[in-house]
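Okay, here's what each chain looks like letter by letter:
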Amino acid sequence: MNRLTVSPSPHDEQYTKTSDIMLNVCIALLPALIAGCIFFGMRSLIVTAVCVGTAVLSEYICRKLMKRDNTIGDLSAVVTGIILAMNLPVTIPLWIAALGSFIAIAVVKQLFGGLGQNFANPAITARIVLMVSFPSAMTKWVLPFEYRNSVDAVTGATPLVLQGMSADKLAEINQEIPSYLDLFLGNVGGCLGETSALALLLGGLYLIARKIINPAVPFVFIGSLALLSFIAGGDPFYEILSGGVFLGAFFMATDYATTPISTKGKIVFGLGCGIITFVIRHFGSFPEGVSFSILLMNILTPYIEQCTRTKIFGAKEAVKDEK
Amino acid sequence: MNKLKGIKLKHRKNTDNYATIHLPMPQKVILPMVMHMGASCTPLVRVGDTVKVGQKIGDSDAIFSVPVHSSVSGMVTAISDYRTAAGVICKAIEIKTDGKQSISHEVIPPVITDKESFINTVRESGVCGMGGAGFPTHIKFNPKNEIDTLIINAAECEPYITSDNREMLENTDDILNGITLIKNMLGIKKAIIAVENNKSDAIKLFENALKDDDTTEVFELQSVYPQGAEKVIIYNTTKRIVEEGKIPADFGVIVINVSTVAFIYRYTQTGMPFITRRITVDGNAVSEPKNIFAPIGTPFVDILNFCKTDIEKLKVLISGGPMMGMCVPDINMPVVKTTNALLAFSRYDNRKTSACIRCGRCVAVCPLGLMPAEIDKAYKIKDIDDLKSLKINLCMNCGSCTYICPANRKLAETNQLAKALILKK
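If you read the protein sequences in the order shown, they are chains W and H. If you read the first sequence in our numbering, its first letter stands for residue 1, the second for the next number, and so on. If you read the second sequence in our numbering, its first letter stands for residue 1, the second for the next number, and so on.
I should point out that these hints are in silico values taken from the structure, not numbers from a laboratory. Just to be clear, a hint being listed does not mean it is correct.
DEER-style ranges, computed between Cβ atoms [unchecked claim]:
id, chain 1, residue 1, chain 2, residue 2, range
1, H, Gly87, W, Glu13, 20 to 28 Å
2, H, Lys377, W, Ile27, 25 to 33 Å
3, W, Ser7, H, Ala62, 25 to 33 Å
Covered stretches of chain H (in silico footprint by chain W; criterion: 3 or more residues with CB under 8 Å from a CB of chain W, positions within the stretch not fixed) [as the list claims (entries may be wrong)]:
id, segment
4, 326-334
5, 355-361
6, 368-377
7, 408-414
Positions of the beta carbon are idealized from the N, C-alpha and C atoms, including for glycine.
Take these sequences, add in the hints, and give me the full structure.
Now the structure itself:
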């Protein structure tokens with residue numbers, strides 16, 4: 001007589017696993033990676049490979065040291081590696097890229113308990129750590145297609161820096177304020193994966209279509225930033241197409257672990273990101289609007305979560321204690 | 001709130017077109033004294049007694065209980081302790097069948113004169129909700145408030161199960177007569193037959209039959225699980241919200257399963273109590289899926305053999321649907337009043353549970369708007385206050401959260417444990 005398995009209901013299951021979700025995010029990041037290779041050369045791939053390799057290795061070693069299950073199979077470390085690489089300039093020394101990846105996985109993620117437990121986005125936090133530790137290496141931008149002509153690539157300013165320059169200064173460095181089209185395609189200076197709004201948008205729409213991310217976050221984030229820019233008399237299109245807005249809005253502000261669960265909470269989160277990005281860009285001295293906004297909102301997430309719980313069908317409102 | 005959330009399941013209604021056939025008479029039947037929700041019955045027979053079909057063999061003084069009748073004629077061979085699939089310990093009467101199926105003299109059409117005698121008749125029939133929960137029907141028929149709407153639950157939202165659908169196709173008139181009877185007896189003006197739109201044949205039958213009737217309407221539900229859940233079906237058909245701590249009758253509604261309605265009508269005509277039920281037999285270990293009529297008390301193994309099941313390969317046996325049904329630990333356990341389906345599988349879910357990634361899918365599918373991921377966290381640290389404010393008590397265990405979880409976390413199970421935890425304190 002064979003023994004029957006007894007387990008609580010439900011007995012039916014669907015087959016989307018954590019690793020499927022992560023794999024879809026990797027797929028969604030491919031267009032931006034390809035764009036990075038086109039504009040900044042094959043070194044983009046090398047930087048990405050180093051980041052991914054270090055991330056996976058760090059995850060493996062951490063889990064081993066902590067005597068926990070091996071979790072590299074869930075592909076979340078791969079996602080973190082790719083996203084971090086996209087946040088780095090293509091000229092970054094490889095050891096710095098590897099260090100960033102190690103910080104993201106070992107310090108920001110595994111020390112807090114691993115997948116789903118970290119309070120801050122690993123890639124964003126690692127980028128900020130690198131930015132503070134190696135400011136010159138982290139801001140050594142090359143112009144698109146420079147890798148083709150010279151041994152030493154010509155460095156140039158990013159659109160956000162260019163926007164703040166006077167006409168004389170622009171002439172001096174021999175650069176122009178880029179057109180909307182260049183900004184949209186990504187034909188501008190910047191981190192290797194952040195410049196092409198088109199590629200990031202494609203990936204983001206893919207994730208929305210596959211129901212991996214909730215469109216509320218990127219929509220509210222980008223929308224509120226554009227609106228604030230418009231109200232302040234700025235150029236909303238330039239605002240949202242430059243810097244890391246699309247990368248941040250579609251791939252980092254939608255991170256499951258570090259953002260609120262409910263749609264209400266996600267809207268608050270996106271709004272906060274938009275406002276903080278605007279404030280930092282226009283009143284701050286650090287060129288880190290998107291990264292800091294997401295990190296700050298990550299920290300606020302538990303509080304947002306408390307205030308934005310879902311409405312429960314038929315529930316009686318909690319009776320407040322009368323004193 | 002406009003639309004309650006839910007999940008689209010694969011229907012797998014393989015047996016939709018399989019007319020119900022009778023199972024050959026089993027050698028013996030086992031009749032537990034608890035087959036409904038409520039108090040256990042006391043056996044009225046002793047070992048060695050001969051019993052006939054329809055004879056009452058167990059009853060209770062408790063109001064929240066229904067009697068048990070013999071489904072066969074034969075001899076009582078044992079009365080022993082028995083553990084139901086839900087874990088309740090009660091007595092069970094084992095009867096060896098004599099194959100004659102001679103009918104008891106107790107089986108006579110009941111005399112119904114008023115509401116009170118009708119409710120008593122319903123109790124005496126031994127019927128309880130046939131949809132799966134087994135709530136004693138006569139209790140529902142005795143509300144404190146005035147009822148304006150009778151909802152006939154014909155959603156049958158669980159995959160595989162087609163027994164209610166077959167009842168609708170095979171016994172349409174019994175259902176309509178039953179509705180009229182209940183409406184008249186309880187003074188209810190309006191009835192709604194709520195059917196999921198994947199049962200178009202049944203919907204057509206009802207629509208044709210009800211052309212000239214403006215007190216009973218057919219309501220097409222979307223095929224989204226769990227449409228058949230009581231609170232969900234009430235909201236979707238009447239937009240009424242059954243509040244926490246209240247029952248449907250408080251909002252003027254009674255919900256009753258479609259097969260139960262048809263049975264009640266037949267009982268009033270024949271006096272034959274609830275001793276046979278329709279069961280959908282399906283699952284990947286079953287080579288001949290069927291809809292069968294089986295005497296209540298039939299050991300599952302007889303049904304599995306009748307439907308050519310590879311018992312050697314059997315790994316999981318479920319009484320009920322795959323979402324809310326209960327695992328059967330032993331193939332010799334019997335059909336009970338709430339067995340609407342028997343599903344046999346040669347595989348089981350052996351995926352590992354991994355960490356919650358906070359993707360929010362469980363929150364996105366919960367029809368009641370609960371937050372299973374948060375409940376899971378609060379349960380882990382035994383935060384009673386937070387569990388209460390997360391309204392864990394409202395969870396109806398539909399299983400949608402566990403179903404959708406990419407990390408294979410057993411959220412519905414945790415919810416039940418959390419419920420027990422807040423009751424303890």
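We went through each hint and held it up to the structure:
Evaluation of the 20 to 28 Å hint for glycine 87/H and glutamate 13/W yields a pass: the beta carbon distance comes to about 24 Å. The beta-carbon spacing between lysine 377/H and isoleucine 27/W, approximately 30 Å, falls within the hinted interval of 25 to 33 Å. Roughly 32 Å separates the CB atoms of serine 7/W and alanine 62/H, a value that falls within the hinted 25 to 33 Å. Counting residues of the segment 326-334 of chain H whose CB lies closer than 8 Å to any CB of chain W gives 6, which reaches the minimum of 3, so the coverage claim holds.
Restraint check on the segment 355-361 of chain H versus chain W: 6 residues with Cβ-Cβ distances below 8 Å, three needed, restraint holds. Proximity of the segment 368-377 of chain H to chain W, defined as three or more residues with a beta carbon under 8 Å from a beta carbon of that chain, is established by the 6 residues found. For the segment 408-414 of chain H, the stated coverage by chain W holds: 4 residues have a C-beta nearer than 8 Å to a C-beta of that chain, and at least 3 were required.
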